[in-house]
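Trainee: Single-letter residue listing:
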Amino acid sequence: MVAGEEVTIFVDGRRVTARAGEPVAAALYAAGIRTTRFSRRRGEARGPFCMVGRCTECVMTVDGVENVRTCTTPVRDGMRVETPGGRRHGPSGA
Amino acid sequence: MLRLRKTGTVDMGRSSGKGKGADGGRPREGGESLAGGHGDWARAWEVSRRKAVAVIDCRQEIPCNPCETACSKGAIRVGEDICALPVSDPEACDGCGRCVAVCPGMAVFLLDRRAGGGMAAVTVPYEMGEEPRAGEEARAVDGEGKELGKGKILKVTAAGGTAATKLVTLEVPEEWALKVRGVRLREIFIEEAEEVEGYRGAGDCIVCRCEEIVRSEVEETAGHGFRSLAALRRASRVGLGYCQGRFCLEPLRRELAEKSGRTVEELGFGSPRPPLRPVRLSRLGGGDVRDT
Numbered sequence: 000m001v002a003g004e005e006v007t008i009f010v011d012g013r014r015v016t017a018r019a020g021e022p023v024a025a026a027l028y029a030a031g032i033r034t035t036r037f038s039r040r041r042g043e044a045r046g047p048f049c050m051v052g053r054c055t056e057c058v059m060t061v062d063g064v065e066n067v068r069t070c071t072t073p074v075r076d077g078m079r080v081e082t083p084g085g086r087r088h089g090p091s092g093a
Numbered sequence: 000m001l002r003l004r005k006t007g008t009v010d011m012g013r014s015s016g017k018g019k020g021a022d023g024g025r026p027r028e029g030g031e032s033l034a035g036g037h038g039d040w041a042r043a044w045e046v047s048r049r050k051a052v053a054v055i056d057c058r059q060e061i062p063c064n065p066c067e068t069a070c071s072k073g074a075i076r077v078g079e080d081i082c083a084l085p086v087s088d089p090e091a092c093d094g095c096g097r098c099v100a101v102c103p104g105m106a107v108f109l110l111d112r113r114a115g116g117g118m119a120a121v122t123v124p125y126e127m128g129e130e131p132r133a134g135e136e137a138r139a140v141d142g143e144g145k146e147l148g149k150g151k152i153l154k155v156t157a158a159g160g161t162a163a164t165k166l167v168t169l170e171v172p173e174e175w176a177l178k179v180r181g182v183r184l185r186e187i188f189i190e191e192a193e194e195v196e197g198y199r200g201a202g203d204c205i206v207c208r209c210e211e212i213v214r215s216e217v218e219e220t221a222g223h224g225f226r227s228l229a230a231l232r233r234a235s236r237v238g239l240g241y242c243q244g245r246f247c248l249e250p251l252r253r254e255l256a257e258k259s260g261r262t263v264e265e266l267g268f269g270s271p272r273p274p275l276r277p278v279r280l281s282r283l284g285g286g287d288v289r290d291t
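Those protein sequence lines, which keep their order, are chains A and B.
The opening residue of the first sequence carries number 0 in numbering that gives the first Met the number 0; numbering runs sequentially from there.
The opening residue of the second sequence carries number 0 in numbering that gives the first Met the number 0; numbering runs sequentially from there.
Some hints could be false.
So, partial list: chain B residues that the calculated Cβ filter (under 8 Å) puts toward chain A [stated by the list, open to error]: (1) Ile61; (2) Pro65; (3) Ile81; (4) Cys95; (5) Asp141; (6) Lys151; (7) Cys204.
Simulated restraints, written as ranges between beta carbons of each label pair [claimed, not checked]: (8) Glu43/A to Gly224/B: 48 to 54 Å; (9) Arg79/A to Lys151/B: 31 to 37 Å; (10) Arg226/B to Pro83/A: 36 to 42 Å; (11) Arg75/A to Gly224/B: 51 to 57 Å; (12) Glu4/A to Lys151/B: 49 to 55 Å; (13) Arg185/B to Arg75/A: 49 to 55 Å; (14) Gly73/B to Arg40/A: 46 to 52 Å; (15) Arg75/A to Arg282/B: 15 to 21 Å; (16) Arg226/B to Arg33/A: 40 to 46 Å; (17) Gly46/A to Gly78/B: 41 to 47 Å.
Residues of chain A placed beyond 12 Å of chain B at every Cβ, according to the derived structure [to be verified]: (18) Glu5; (19) Asp11; (20) Arg14; (21) Ala29; (22) Arg40; (23) Arg41; (24) Gly42; (25) Cys54; (26) Gly77; (27) Glu81.
In case anyone wonders, no lab produced these hints; they're calculated from the structure.
Since the model is a prediction, treat every value here as computed from it, not as a measurement.
We put the beta carbon where it would ideally sit given N, CA and C, even for glycine.
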């Protein structure tokens, strides 16, 4: 892997171009995706908050593993990123 | 990636004949011991007898690498995994201080023991409004903002980072040279943390992000007469989520102190349970270590 090289990840099945080595949350942000999960109690949209792996607002299901903090997880080519519980607000996720 | 850091074997007590004795190589929160899990500290300590060198005290695996990109000598390496802790090469370091200036976490300082005589020159970033001046005294503070003692300002430079950052070089005794993380020009009294002020002004905002508890809920629960932080936490669930109270415990503590008429010191702190972050069971069992 060369840092900065273009790779493709799949966000809820949708192809998203990312840069190798950047955090998944950064790739999502660059692609205009602001919602990483929906809160359990109120069902509110949530997105990356602290960006440094502390708050767990950005946890998603990555390659089948639940509760992965996307802000500290580097992108890998072909990575599958899913919104926990599924997308509820349409495919744009905005 | 899980990174196991090589633990330094030299203890400050043994190498300089001062300070505390060996602590068995256990990492210490203060990070002042050379045996404290920083493999490059022992070398930096030795090299600092010949030249100024960067010492990195970065313990949080956050996605950040300005120190690496700022170094023109290639003396700091984070590598492909941007969450990895930076590793420095004291021999390659020319003591320019750019890494000190750019680190957003104030996690790098310069150490220079060339002067000898039991004194060391420590260079730390300074971004407050007041103008530090060479020759004047300043208060050295540790990573938690606690005052270590006074030292003479030897030098103030413009750093080479952002315009707002200055590098202040302070002369301090070798015993606590490794503890210094910042300088203060005068004594300050902190009545209330700024973030708590911010939270007070934000109305019915979320206090606990993990458990989705808003401020009015905390106030209501605190109003029931709980006298311990632990009881309030159990009743409200604030601070019992994923992050174990990293973001909410301080506002919660202040809220309860106000309601119960006790001081924050009396209330103590919560008792966050290990692990401090979600860890997969397979990881604890020695299995798959791909995700940190």
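Trainee: For each hint, tell me whether it holds in the structure or not.
Mentor: Right, here's what the structure says about each hint:
Residue-level restraint check for Ile61/B holds (minimum Cβ-Cβ distance to chain A is 4 Å; threshold 8 Å). With 8 Å as the threshold, the beta carbon of Pro65/B stays out of range of chain A, its nearest partner Cβ sitting at about 13 Å, so the hint is violated. Because the beta carbon of Ile81/B sits about 6 Å from the nearest beta carbon in chain A, less than 8 Å, this interface hint is met. Against a cut-off of 8 Å between C-beta atoms, the interface hint on Cys95/B is violated, since the closest Cβ of chain A lies about 24 Å away.
Proximity of Asp141/B to chain A is violated relative to the hint, the smallest CB-CB distance being about 22 Å (cut-off 8 Å). At a threshold of 8 Å, the smallest CB-CB gap from Lys151/B to chain A is about 35 Å, leaving the interface hint violated. Because the smallest distance between the Cβ of Cys204/B and any Cβ of chain A comes to about 13 Å, over 8 Å, the interface hint for this residue is violated. The beta-carbon spacing between Glu43/A and Gly224/B, approximately 31 Å, falls outside the hinted interval of 48 to 54 Å.
The beta-carbon spacing between Arg79/A and Lys151/B, approximately 58 Å, falls outside the hinted interval of 31 to 37 Å. The hinted window of 36 to 42 Å between Arg226/B and Pro83/A holds, with their beta carbons roughly 37 Å apart. In this structure, Arg75/A and Gly224/B meet the distance hint of 51 to 57 Å, their C-beta atoms being roughly 52 Å apart. Glu4/A and Lys151/B have their C-beta atoms about 50 Å apart, which keeps the hinted 49 to 55 Å range intact.
A C-beta distance of roughly 50 Å is found between Arg185/B and Arg75/A, which places it inside the suggested range of 49 to 55 Å. A hinted range of 46 to 52 Å holds for the C-beta pair Gly73/B and Arg40/A, which are about 49 Å apart. Remark: the range hint 15 to 21 Å for Arg75/A to Arg282/B is upheld by a beta-carbon distance near 19 Å. One distance hint, 40 to 46 Å for the beta-carbon pair Arg226/B and Arg33/A, holds here, with the actual separation near 41 Å.
Between Gly46/A and Gly78/B the Cβ separation comes to about 28 Å, which falls outside the hinted range of 41 to 47 Å. Here Glu5/A stays apart from chain B, with its beta-carbon at least about 16 Å from theirs, past the 12 Å limit. Consistency note on Asp11/A: stated as away from chain B, and its beta-carbon is indeed over 12 Å from all of that chain's, at 19 Å minimum. Residue-level check passed: Arg14/A sits 23 Å from the nearest beta carbon of chain B, beyond 12 Å.
Annotated as non-interface, Ala29/A keeps its C-beta farther than 12 Å from every C-beta of chain B; the closest such distance is 14 Å. With a minimum CB-CB distance of about 4 Å to chain B, Arg40/A fails to clear the 12 Å threshold, and the non-interface call is violated. For Arg41/A, the shortest C-beta to C-beta distance to chain B comes to about 6 Å, within the 12 Å cut-off, and the non-interface label is violated. Distance check on Gly42/A: its Cβ comes as close as 10 Å (rounded) to a Cβ of chain B, failing to clear the 12 Å threshold; non-interface status is violated.
For Cys54/A, the requirement that its beta carbon stay farther than 12 Å from each beta carbon of chain B is not met, with the minimum near 6 Å. Residue placement check: Gly77/A keeps its beta carbon more than 12 Å from all beta carbons of chain B (closest about 14 Å). Taking the minimum C-beta to C-beta distance to chain B, about 15 Å, the non-interface status of Glu81/A holds against the 12 Å cut.
The structure shown violates the earlier hints numbered 2, 4, 5, 6, 7, 8, 9, 17, 22, 23, 24, 25.
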